[in-house]
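Engineer: Sequence:
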Amino acid sequence: MEIQLSSEIIEQISNFKLGVIEYRNITVGDSPQMLRGRLQLFQESIFFDLENKPVTDLPGIHEWRGIFKRTGKDPNRYRPSVEALYRRVQKQNYLPSVQSAIDINNFFSLQYQVPIGIYDLDRLQGLVEIRIGIKAEEYTGLNGRNNSLERLIVSSDQKGPFGSPFVDSERTPVTFETKNALQIIYLRPSTDLENAKKLTESLMNMFTQIHGGEASFRILGCQ
Numbered sequence: 001m002e003i004q005l006s007s008e009i010i011e012q013i014s015n016f017k018l019g020v021i022e023y024r025n026i027t028v029g030d031s032p033q034m035l036r037g038r039l040q041l042f043q044e045s046i047f048f049d050l051e052n053k054p055v056t057d058l059p060g061i062h063e064w065r066g067i068f069k070r071t072g073k074d075p076n077r078y079r080p081s082v083e084a085l086y087r088r089v090q091k092q093n094y095l096p097s098v099q100s101a102i103d104i105n106n107f108f109s110l111q112y113q114v115p116i117g118i119y120d121l122d123r124l125q126g127l128v129e130i131r132i133g134i135k136a137e138e139y140t141g142l143n144g145r146n147n148s149l150e151r152l153i154v155s156s157d158q159k160g161p162f163g164s165p166f167v168d169s170e171r172t173p174v175t176f177e178t179k180n181a182l183q184i185i186y187l188r189p190s191t192d193l194e195n196a197k198k199l200t201e202s203l204m205n206m207f208t209q210i211h212g213g214e215a216s217f218r219i220l221g222c223q
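In the UniProt record's numbering, the protein residues as written are 1 to 223.
Hints are computed from structural coordinates only; laboratory data are not their basis.
Nothing here was measured: the structure is a model prediction, and the numbers come from that model.
Incorrect hints may appear among the rest.
As the list claims (entries may be wrong) - Computed cross-link-like contacts, DSS-like style, restricted to lysine-lysine with a CA-CA straight-line distance of at most 30 Å:
(1) Lys179 x Lys198
(2) Lys53 x Lys91
(3) Lys91 x Lys69
(4) Lys69 x Lys197
(5) Lys69 x Lys53
(6) Lys69 x Lys198
(7) Lys69 x Lys159
(8) Lys135 x Lys159
(9) Lys53 x Lys198
(10) Lys197 x Lys179
(11) Lys179 x Lys159
(12) Lys135 x Lys69
Stated by the list, open to error - Simulated restraints, written as ranges between beta carbons of each label pair:
(13) Phe47 x Asp192: 38 to 46 Å
(14) Asp192 x Lys69: 16 to 24 Å
(15) Glu44 x Met206: 17 to 25 Å
(16) Gln158 x Pro54: 35 to 43 Å
(17) Val98 x Ser45: 35 to 43 Å
(18) Asp192 x Gln4: 34 to 42 Å
No residue lacks a Cβ here, since even glycine has one placed at the ideal position from N, Cα and C.
Generate coordinates for the entire structure from the input sequences, incorporating the hints supplied.
Structural biologist: And the structure:
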């Protein structure tokens, strides 16, 4: 799968980088007890840590809100997906186990305070470009709403945008039938290359331990 970053993002966001993982021949199913337990315990730990602390003070969320501002999207109206997860946990509205791929996404997103998207690779067509959304672009998201993509960072293929660090579209979700997947980690620009590789590889290894298959990763962006 060919993936590229637009020059506009590189110009606007210093040190912007992504972790990109491709999975082949995976098996998505119900999460094992180990993963369900870790996700639940970690959310309970976050809840106590946030008792007297605003979510926006967390470094990863603060950094991603700044990125939204730089591209021209108001983070008070369009929150980074990781911020939305943390706000749920802060209200003790804990994320339930959905299925293995989504649960790993949520766990690592909470752990590293970064948005993460995962997509069914077989539903994507042609080159994937990470760019800034243009006027009138929109899609129906996994939140069930029509979402404006103007000035929002988006992942786009031949058919148009399918994902973003705000909310992903309903066109390319990973399901129990998914055999091949593309995972995009919206890393903090402040993360150096060595730690970006470690984080991405750690996620890839845990994913393949649970789902089997083969995987490869790379880091895109300013290095």
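Engineer: Hint by hint, where does the structure go against what was stated? Just the numbers, ascending.
Structural biologist: Hints 13, 17 and 18 not satisfied by this model.
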